[in-house]
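Engineer: Here is what each chain is made of, one letter per residue.
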Amino acid sequence: MHDAVMIKNNSVLDVEKVRKDFPILDTFVFGHPLVYLDNAATTQKPEMVLKAMEEYYHTINSNVHRGVHHLSQQATDAYELARKKIAEFIGAKHAHEIIFTRGTTESINLVAASFGKKFLKAGDSLLVSGLEHHSNIVPWQLACEDRGATLKVIPIDGNGEMVLDGLDKLLEGVKLVSVNYVSNALGTINPVREIIAAAHRQGIPVMLDAAQAVQHMELDVQELDVDFLAFSSHKIYGPTGFGILYGKEQWLNELPPYQGGGEMIKTVSFEKTTYNDLPYKFEAGTPDMAGAIGLAAALDYVQQLGLGAIRQTENNLMAYGLEALQEIKELRMIGRSVNRAGVLSFLVGEIHPFDLGEILDKQGIAVRTGHHCAQPIMDLYCIPGTVRASLAFYNTPGEIDRLVGGIRKAMTLLG
Amino acid sequence: MTIKEQQDEIIADFELFGDWMDKYEYIIQLGKDLPLIDPEYKIDENLIRGCQSKVWMHAEFKDGKIFFTADSDAVITKGLVSLVIRVLSGHTPREIVDAELTFIDAIGLSSHLSPTRSNGLLSMVKQIKLYALGYMAKTAQQ
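Top to bottom, those sequences are chains A and B.
The opening position of the first sequence corresponds to residue 26 in our numbering, with each subsequent residue numbered one higher.
The opening position of the second sequence corresponds to residue 7 in our numbering, with each subsequent residue numbered one higher.
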């Protein structure tokens, strides 16, 4: 068994075969075969996910947890099985440490609001990094404003890497650290183990925004010893509008509820309401059953391919992409971390990223342009934004060549 | 020329282009040719913020008509800005307020007016209409 896993981890995927699982990849845009390089914004969905969700609605759709009837029981079983699968996927100790949310953003907002309410006082501080998505800045700012606390920032250097030299000093007075595992704007894989160890030495909990990590690499919350972790279903080949908050049981038990409503209560009277146990304490209202089932199918799919093989395939493609792009001498990479996943962020000469993105679009090449919801990073580099090509395992070297050709054509037009 | 005639002329011009490359080449050229806004007007107060690209615009009221100059940091946006100016600049506030801008859609660049694209052009058109409304109110008072 172990040997088989090893072989799987060292192998790469048969990309042409895998692409057949994603019907949308056959789309034509402006007469060209689509080159979809906007995977960091959202990934495409394999047939298996679409089928699982369709089957849910076709066969067992029913409200969970409250029905006496057969369908409700079946829906509840499928829904709770999804929670178990998700827990196993990230190595959680208990299924009830998995809270279903609408996505990474809501997961972070939940912790910021509930943790802030219970643990944050005037004069305290929270720590994020200069490499964060707005979703991992603004919820903490709201909590700070509410409690009279301050937000501190781990600086980043010119390569787009966190500078951890003064970390121990920065951690003084900090009540919680929240950093991203992989940067959505630059692709940097951050030294989260080092940050977690440093924070834990001072008894400070750490939250990881893993929205750009879970789809690219194996991850185990117990091995990381992380206290909270968030990710979104739609970035790991699952449906949109669904996401996960992982929290260590003892932390989740400590935090007060985030929203009130059905599902999250044990007893309600006008004098006093008692709250439900984990995970339901944090899941007010009828949940997204199809979302949970769709994400579980997506994780099954990813595990069938093997995260080791996915990582190897994407690393090869990333290396190919870096080399191919750097052949364009007017192109400069924004973020030069060697340790990277998923994202190639760049600018070409004096061309505005929006112009370049539009000309690429006309050639059927989908990239993202702009500040990628990470304005502080763009300010650091003094640029209006970048062009971001973001990879998934179903992308091919041929598509990278199309991107390079597309950039050259745009240079002729715009130069 | 009326605003409608100006728009019809632009639409007819664009019908001559064989493919998207020619069309964009023309827009990009217009962007490059757009007379630069006087640097004293390229200031934050005249900045129309879009998520993707910026537009600076200055309006002057002369002999009952409004004249616009503008600039953008993205050249395709700038080309479209130049077309909007060609259509709307030098008209009375009433004409501008009543104008329906159909040419952007007709030449196949309606995505530039999509609020989600947020590249400054849509905000610029809104701002032009606001200026015109403002001047109308002002002249009505006098």
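Take the hints with a grain of salt, since some may be wrong.
In silico contact screen, one side only, chain A against chain B (beta carbon under 8 Å); selected entries [to be verified]:
| id | residue |
| --- | --- |
| 1 | I49 |
| 2 | Q284 |
| 3 | E383 |
| 4 | K387 |
| 5 | G395 |
| 6 | C407 |
Chain B regions said to be covered by chain A (calculated; three or more residues, Cβ under 8 Å) [stated by the list, open to error]:
| id | stretch |
| --- | --- |
| 7 | 79-88 |
| 8 | 106-113 |
Calculated directly from the structure, the hints in this document are not laboratory data.
Computed from a prediction, not measured in an experiment: that's the story for all the values here.
Built from N, CA and C at the ideal position, the CB exists for glycine as well.
Engineer: Now, for every hint given, state plainly whether the structure supports it.
Structural biologist: Okay, the hints, checked on the actual structure:
| no. | hint | in the structure |
| --- | --- | --- |
| 1 | I49 | violated, 20 Å |
| 2 | Q284 | violated, 28 Å |
| 3 | E383 | holds, 6 Å |
| 4 | K387 | holds, 5 Å |
| 5 | G395 | holds, 5 Å |
| 6 | C407 | violated, 13 Å |
| 7 | 79-88 | holds (count 5) |
| 8 | 106-113 | violated (count 0) |
Checked against the numbered hints given earlier, this structure breaks hints 1, 2, 6, 8; the rest are met.
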